[in-house]
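Engineer: First to last, the sequence lines map onto chains G and P.
Counting from 1, one number per residue, gives the positions in the first sequence under the working numbering.
Counting from 1001, one number per residue, gives the positions in the second sequence under the working numbering.
Check before you lean on any hint, since a few could be wrong.
Below are the DMTMM-like pairs computed for lysine to aspartate or glutamate, each with C-alpha atoms no more than 20 Å apart in a straight line [to be verified]:
id	chain 1	residue 1	chain 2	residue 2
1	P	K1018	G	E32
2	G	K323	G	E140
3	P	K1048	P	E1032
4	P	K1448	G	D339
5	P	K1018	G	E44
6	P	K1448	P	E1137
7	P	K1448	P	D1424
8	G	K165	G	E176
9	P	K1448	G	D426
10	P	K1018	G	E337
11	G	K18	P	E1320
12	P	K1448	P	E1399
13	G	K18	P	D1022
14	P	K1344	G	E44
15	P	K1448	G	E44
16	G	K448	P	E1011
17	P	K1323	P	E1137
18	G	K448	P	E1331
19	P	K1018	G	E137
20	G	K18	P	D1009
21	P	K1344	P	E1320
22	G	K48	G	E58
23	G	K323	G	E474
24	G	K344	G	E137
25	G	K165	G	E137
26	G	K344	P	E1044
27	G	K323	G	E176
28	P	K1048	G	E466
29	P	K1018	P	D1061
30	G	K448	P	E1044
31	P	K1448	P	D1212
32	G	K344	G	E331
33	G	K18	P	E1337
34	G	K18	P	D1026
35	P	K1018	G	D26
If you want the ones that stay clear, here's a sample from chain G, every Cβ over 12 Å from chain P, calculated [what the hints assert, rightly or not]:
id	residue
36	R391
37	S418
38	Q471
39	S481
Bear in mind the hints are in silico, worked out from the structure with no lab data behind them.
Using N, Cα and C, we set each Cβ at its ideal position, and we do this for glycine too.
There are 2 protein chains.
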Amino acid sequence: MPSSYGDIDPEVFRTHGKQIVDWIADYLSHPERYPVLSRVGPGEVRAKLPPAPPSQPETLDAILADFQQIILPGITHWNHPAFFGYFSITGSMPGILGELLTAGLNVNAMLWRTSPAATELEEIVLGWLRQMVGLPEAFEGVITDTASVSSLLAVTAAREALGLKIREEGLAGRPEVPRLRMYCSEQAHSSIEKAGIILGLGRAGVRQIPVDAEFRMQADGLADAIAEDRRAGWRPFCVVATVGTTSTTSIDPVPAIADICARENLWLHVDGAYGGNLAVVPEFRYVLASCERADSIVINPHKWLFTPIDFSAFYVRQPEVLKRAFSLLPEYLRTAEGDAGAVKNYMDYGVQLGRRFRALKFWMVLRAYGAEGIAARLREHVRLAQWFAARVDASRNFERMAPTPMSTVCFRANPAGSSQPGGDLDQLNEALINAVNATGRAFLSHTKLNDRFTLRLAIGNLRTTEQHVAQTWELLQAELSRLIGQ
Amino acid sequence: MPSSYGDIDPEVFRTHGKQIVDWIADYLSHPERYPVLSRVGPGEVRAKLPPAPPSQPETLDAILADFQQIILPGITHWNHPAFFGYFSITGSMPGILGELLTAGLNVNAMLWRTSPAATELEEIVLGWLRQMVGLPEAFEGVITDTASVSSLLAVTAAREALGLKIREEGLAGRPEVPRLRMYCSEQAHSSIEKAGIILGLGRAGVRQIPVDAEFRMQADGLADAIAEDRRAGWRPFCVVATVGTTSTTSIDPVPAIADICARENLWLHVDGAYGGNLAVVPEFRYVLASCERADSIVINPHKWLFTPIDFSAFYVRQPEVLKRAFSLLPEYLRTAEGDAGAVKNYMDYGVQLGRRFRALKFWMVLRAYGAEGIAARLREHVRLAQWFAARVDASRNFERMAPTPMSTVCFRANPAGSSQPGGDLDQLNEALINAVNATGRAFLSHTKLNDRFTLRLAIGNLRTTEQHVAQTWELLQAELSRLIGQ
């Protein structure tokens, strides 16, 4: 008999927990039953929910009925095999079970003693991933929630490594502290610029280097920018190279960039949030070429290693610098084993004190598939993308807008025989993507490349097969025909 | 028949998912079967795990057997009813089911369109909590992972509100930008100082104001410090008041602090990560007195509202300032509905682009208990703490070290008849807490107050009853007797 101050009846949890497990099993067996992109309009879900909180308890039957009737229609189905937007991801079944256990245990992995297994499993799985992508042992890791935070850690560590006492004295009003500048390409993720804003460098402190025709940072341009900035009184301190940019999955020339960083004594951070994962496939390990020379690197298993969000792996070659940048030890968090240096307290290595036990789900994913099983799946995703790219290339009505080094295809419609000016093509492609997404049978997102509206087809879901890619290709052609009246 | 490139067999998921649900139901029915504090030594868990990743798939039977045999002994049981360390928390059963659904859906709540229900449910539950704690409608919210991040958002917005173009131009090398200073009490959480470090203010940019005998910020001291700093050329810009400090749950005098902030034109942020939750109890709503005058406030439902970590609610009165501080809109994240201002895209309001669908679990918790049910549970936690505090006060061998305004008791042993000097008392109390924690029957953490080693008993778990508190009181007395040989 549960106390009136206790949790709900465990038997109710048991019954509904099993119902939810069944529902997820059914859902993930047929996510294509739902339209990919939710069809609700702005405010529609909100209007169905009471604006004031319930004062009395409601049954889980009632709550789960509302989940089905109100929440589910407002979901965009990232699990749908024809979800090709942004980066397509999978929260795989072993990972979901890991999240369930993590929620059940509800430990805070801030200190070793607040669950030694959470800390040590974190060390283990970060070691496993490090080996899988071929990074040397010198890299030590910490799990964060997102690449936004991982890259923030990287740039904070880079700032700390300057030895300018910024942690103690700050940046402003100190004539001895020059204006700091970091570098990334025009194609780098917005989180890099955001890190610059947060850290007090300002957007001006983040210089974007032009890219080549394949959307890779121009190493010469980087060297020139650094030289120019030094002459103008800036203090260059950090370069962020991207392995797998968000728009096109282009790979910055890390070997040349690492040379420049070595020569100029700059911190090299590699944003491999998406693309770094591909290095688990032996024949694609080259995507991380020279990244062993980086000072830090982020790889997000929640992007392409079938781990439910959130899970970002951040590696750093000088963990003591990261710790120096972030560690604060109030008395209430002191422990004997921490003071003795016998254990790692992960709270010392980042922004957040509170930390979920994220290692568990990733451990379950890696074991359930095995490194070779995971590599086989990524290899298949790349194959599917190449299959689609080949169809685009062979088509008279579509064209590719960028190389396809990974599993994301950038393309647009450019119908043969039509001589539409650029702006009209942009409108046509925007109409095309909206038409496709409105069918509910596939979802693509877009970008702009050389100022031209570009469709992206990103493959990364375990449930995506060649059939789904082929059907989407048919759909694109059919919708285009309809739009241009052929 | 699952594809060799697909997920695991849904039937395997079904079977093991239900086993895990059963295991969690059993576990949460009797978490006291386990020692509270894990008994493993440093490296013990790690030594049992293979240092290299598995190349081939393993069965869930094997993985879950290792969970039981290797991971579980390394868990410190935050679910144990006698876990009284740090802030005692509960990942309640409805919240766990919410996490399970969130993992199953695996949506990214970055944009409205990437799941409209995730955005709109976030708006709804933040509205519910706002009403439950009595904050006015002017406060708009965003869910973050932790208070560390929420307070970072607050101080970033405060910095942006200065209008010094710091977002664009940064802090360094700009004579027109003075050294900025923020204020909190000596008892404020380390995350406030960490925000100062990250934002480029430096530790020197965070001035800690002395507290009174009850560990509350001295408002006069704050006013004096601001005046002194202005004379010395600092630019004061932000004050962080704490409602429920980490060591003692003291409540800073927000009414007086708000007066100072209004007069001095400073951003007022309230760190109510723990204590703000208590305002859901009508007769304790006064803990947020004058907080309606704050510019921002953080309340963490994962601390005291039975929601599995992580879930932090951040409210701000000028959401447009927060958005101005953080928003970056790359082309690949543009949407028609966003450009039209018809929807809220939560990615615009914080550090992280990737965002879990956290609203779901909180919605399930609030509905499963109802606002009155939740208030009743918090009221009971306060009653239990007062019960324990009264025992301490009545004891000849223990003494209270701070007032107990919420559900955390600060106390120490100070045996009658012994005239031990302060240092010896520190040693005695450290020995006492270690002895108690080593029994596995209760877990307490410590702090230092006025430089004296202080034990903390924090109550916040749904499974904690008067019996557990009484048993822990007996245990403390028994271990003390053993230590002092009486």
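Engineer: Hints first: check each against the structure and report whether it holds.
Structural biologist: Comparing the hints with the structure gives:
{"no.": "1", "hint": "K1018/P to E32/G", "in the structure": "violated, 24 Å"}
{"no.": "2", "hint": "K323/G to E140/G", "in the structure": "holds, 12 Å"}
{"no.": "3", "hint": "K1048/P to E1032/P", "in the structure": "violated, 25 Å"}
{"no.": "4", "hint": "K1448/P to D339/G", "in the structure": "holds, 16 Å"}
{"no.": "5", "hint": "K1018/P to E44/G", "in the structure": "violated, 34 Å"}
{"no.": "6", "hint": "K1448/P to E1137/P", "in the structure": "violated, 39 Å"}
{"no.": "7", "hint": "K1448/P to D1424/P", "in the structure": "holds, 14 Å"}
{"no.": "8", "hint": "K165/G to E176/G", "in the structure": "holds, 10 Å"}
{"no.": "9", "hint": "K1448/P to D426/G", "in the structure": "violated, 64 Å"}
{"no.": "10", "hint": "K1018/P to E337/G", "in the structure": "violated, 38 Å"}
{"no.": "11", "hint": "K18/G to E1320/P", "in the structure": "violated, 43 Å"}
{"no.": "12", "hint": "K1448/P to E1399/P", "in the structure": "holds, 14 Å"}
{"no.": "13", "hint": "K18/G to D1022/P", "in the structure": "holds, 8 Å"}
{"no.": "14", "hint": "K1344/P to E44/G", "in the structure": "holds, 13 Å"}
{"no.": "15", "hint": "K1448/P to E44/G", "in the structure": "violated, 52 Å"}
{"no.": "16", "hint": "K448/G to E1011/P", "in the structure": "violated, 43 Å"}
{"no.": "17", "hint": "K1323/P to E1137/P", "in the structure": "holds, 18 Å"}
{"no.": "18", "hint": "K448/G to E1331/P", "in the structure": "holds, 6 Å"}
{"no.": "19", "hint": "K1018/P to E137/G", "in the structure": "violated, 39 Å"}
{"no.": "20", "hint": "K18/G to D1009/P", "in the structure": "holds, 17 Å"}
{"no.": "21", "hint": "K1344/P to E1320/P", "in the structure": "holds, 12 Å"}
{"no.": "22", "hint": "K48/G to E58/G", "in the structure": "holds, 17 Å"}
{"no.": "23", "hint": "K323/G to E474/G", "in the structure": "violated, 53 Å"}
{"no.": "24", "hint": "K344/G to E137/G", "in the structure": "holds, 17 Å"}
{"no.": "25", "hint": "K165/G to E137/G", "in the structure": "violated, 29 Å"}
{"no.": "26", "hint": "K344/G to E1044/P", "in the structure": "holds, 13 Å"}
{"no.": "27", "hint": "K323/G to E176/G", "in the structure": "violated, 24 Å"}
{"no.": "28", "hint": "K1048/P to E466/G", "in the structure": "violated, 41 Å"}
{"no.": "29", "hint": "K1018/P to D1061/P", "in the structure": "holds, 13 Å"}
{"no.": "30", "hint": "K448/G to E1044/P", "in the structure": "violated, 52 Å"}
{"no.": "31", "hint": "K1448/P to D1212/P", "in the structure": "holds, 15 Å"}
{"no.": "32", "hint": "K344/G to E331/G", "in the structure": "holds, 17 Å"}
{"no.": "33", "hint": "K18/G to E1337/P", "in the structure": "violated, 38 Å"}
{"no.": "34", "hint": "K18/G to D1026/P", "in the structure": "holds, 14 Å"}
{"no.": "35", "hint": "K1018/P to D26/G", "in the structure": "holds, 14 Å"}
{"no.": "36", "hint": "R391", "in the structure": "holds, 20 Å"}
{"no.": "37", "hint": "S418", "in the structure": "holds, 24 Å"}
{"no.": "38", "hint": "Q471", "in the structure": "holds, 16 Å"}
{"no.": "39", "hint": "S481", "in the structure": "holds, 24 Å"}
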